[in-house]
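S.K.: The task is simple: from the sequences and hints, build the whole structure.
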Amino acid sequence: NAGVTQTPKFQVLKTGQSMTLQCAQDMNHEYMSWYRQDPGMGLRLIHYSVGAGITDQGEVPNGYNVSRSTTEDFPLRLLSAAPSQTSVYFCASSSNLDREPKLFFGSGTQLSVL
Amino acid sequence: DQQVKQNSPSLSVQEGRISILNCDYTNSMFDYFLWYKKYPAEGPTFLISISSIKDKNEDGRFTVFLNKSAKHLSLHIVPSQPGDSAVYFCAASAGTGNQFYFGTGTSLTVIP
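Chains A and B, in that order, give the protein sequences. Number 750 in the numbering used here belongs to position 41 of the first sequence; there are no gaps in the numbering. Number 94 in the numbering used here belongs to position 107 of the second sequence; there are no gaps in the numbering.
Keep in mind the hints are simulated off the structure, nothing from the lab. Predicted, not measured: the structure shown is a model, and the values here were computed from it. It is possible that part of the hints are untrue.
Sample of chain B residues with no beta-carbon within 10 Å of chain A, all distances over it, derived [claimed, not checked]:
#, residue
1, Asn9
2, Leu21
3, Thr50
4, His59
5, Pro66
6, Pro69
7, Ala81
8, Ile98
9, Pro99
DSSO-like mimics (lysine-lysine), calculated; alpha carbons at most 27 Å apart, straight line [unchecked claim]:
#, chain 1, residue 1, chain 2, residue 2
10, B, Lys24, B, Lys55
11, B, Lys58, B, Lys41
12, A, Lys718, B, Lys55
13, B, Lys55, A, Lys811
14, A, Lys811, A, Lys723
15, B, Lys24, B, Lys58
16, B, Lys41, A, Lys811
17, B, Lys(-8), B, Lys24
18, B, Lys24, B, Lys41
19, B, Lys(-8), B, Lys58
20, B, Lys58, A, Lys811
21, B, Lys43, B, Lys55
22, B, Lys41, B, Lys(-8)
23, B, Lys43, B, Lys58
24, B, Lys(-8), B, Lys55
25, A, Lys718, B, Lys24
26, A, Lys811, B, Lys43
27, B, Lys55, B, Lys41
28, B, Lys24, B, Lys43
29, B, Lys43, B, Lys(-8)
30, B, Lys24, A, Lys811
Which stretches of chain A does chain B cover? Using the computed rule of at least three CB atoms under 8 Å from a CB of chain B, they are [said to hold, decoys possible]:
#, stretch
31, 743 to 750
32, 754 to 768
33, 805 to 814
The beta carbon of each residue, even a glycine, is placed where N, CA and C say it ideally should be.
M.R.: Here it is, written out as structure tokens:
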């Protein structure tokens, strides 16, 4: 069982470039989310989705776009990368049906913007 | 403004002793709490949870305590093992949503 799969694992971008971080889950979870981890800041929520076709902003959404066309996939787009977006990005999913839900995380994407 | 705080960035404990990791929150609407463990270059993995209807939850060597009046929770690991060395995050959510707010993490080192 693959769980939550993120690609790529590492990426280096130049300022102004665009890219998409991929996230896929095979657990049929309704809820998916993106976090970024920065030193001294913990994990901060960027965007989340409660189901296909529904997305919303988290704590730090600026500079990022998301869409949710299928239950399985939740890509994160950087339209014009900035050095402040250098971070480790984690995708997570969970089931809305669990009375006590828990997030399942991918292994992360380490992004450097030069 | 950080709604979930872990004020100790690091903690060192001798193998076999108790590790106590602390977490404070400011939002009184938070009613469900999780602890995650994270090794370098890996994603966080779920450790233990507690809802606000309880003040204690145990799972093997791990126990989480919740003090709602103080808006404080703690994770106890007994006995601590070298494999427990990792960064630990607490997280909180409000209501029925799956939006979790995370603390800044505590790096635990268990010394053999």
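S.K.: Does each hint fit the structure? Answer for all of them.
M.R.: We went through each hint and held it up to the structure:
1. Asn9: 14 Å, holds
2. Leu21: At about 6 Å from chain A, Leu21(B) fails to clear the 10 Å cut-off, so the statement is violated.
3. Thr50: Holds: least Cβ distance 17 Å, greater than 10 Å.
4. His59: 17 Å, holds
5. Pro66: 25 Å, holds
6. Pro69: 23 Å, holds
7. Ala81: Ala81(B) clear of chain A: closest Cβ-Cβ about 13 Å, beyond 10 Å.
8. Ile98: 24 Å, holds
9. Pro99: At roughly 27 Å from the nearest Cβ of chain A, Pro99(B) sits farther out than 10 Å, so the non-interface label holds.
10. Lys24(B) with Lys55(B): 23 Å, holds
11. Lys58(B) with Lys41(B): 13 Å, holds
12. Lys718(A) with Lys55(B): 39 Å, violated
13. Lys55(B) with Lys811(A): Judged against 27 Å, a Cα distance of about 21 Å means the pair holds.
14. Lys811(A) with Lys723(A): 35 Å, violated
15. Lys24(B) with Lys58(B): Holds. Lys24(B) to Lys58(B) sits at ~21 Å (cutoff 27 Å).
16. Lys41(B) with Lys811(A): Distance of about 17 Å is within 27 Å: holds.
17. Lys(-8)(B) with Lys24(B): Holds, at roughly 16 Å.
18. Lys24(B) with Lys41(B): Judged against 27 Å, a Cα distance of about 22 Å means the pair holds.
19. Lys(-8)(B) with Lys58(B): Between Lys(-8)(B) and Lys58(B) the Cα gap is close to 11 Å, so the pair holds against 27 Å.
20. Lys58(B) with Lys811(A): Distance of about 21 Å is within 27 Å: holds.
21. Lys43(B) with Lys55(B): 11 Å, holds
22. Lys41(B) with Lys(-8)(B): Holds - the C-alpha atoms of Lys(-8)(B) and Lys41(B) are around 21 Å apart, at most 27 Å.
23. Lys43(B) with Lys58(B): 14 Å, holds
24. Lys(-8)(B) with Lys55(B): 15 Å, holds
25. Lys718(A) with Lys24(B): Given pair Lys718(A), Lys24(B) holds - Cα atoms ~20 Å apart, limit 27 Å.
26. Lys811(A) with Lys43(B): Roughly 18 Å separates the two Cα atoms, so the pair holds.
27. Lys55(B) with Lys41(B): 10 Å, holds
28. Lys24(B) with Lys43(B): 19 Å, holds
29. Lys43(B) with Lys(-8)(B): With Cα atoms ~20 Å apart, Lys43(B) and Lys(-8)(B) stay inside 27 Å; holds.
30. Lys24(B) with Lys811(A): 13 Å, holds
31. 743 to 750: Satisfied; 3 residues make the cut.
32. 754 to 768: With 5 residues closer than 8 Å to chain B, the stretch 754 to 768 of chain A meets the three-residue bar; holds.
33. 805 to 814: Contact hint for the stretch 805 to 814 of chain A vs chain B: holds, 7 residues under 8 Å.
Of the numbered hints stated above, those contradicted by the structure are hints 2, 12 and 14, listed in ascending order.
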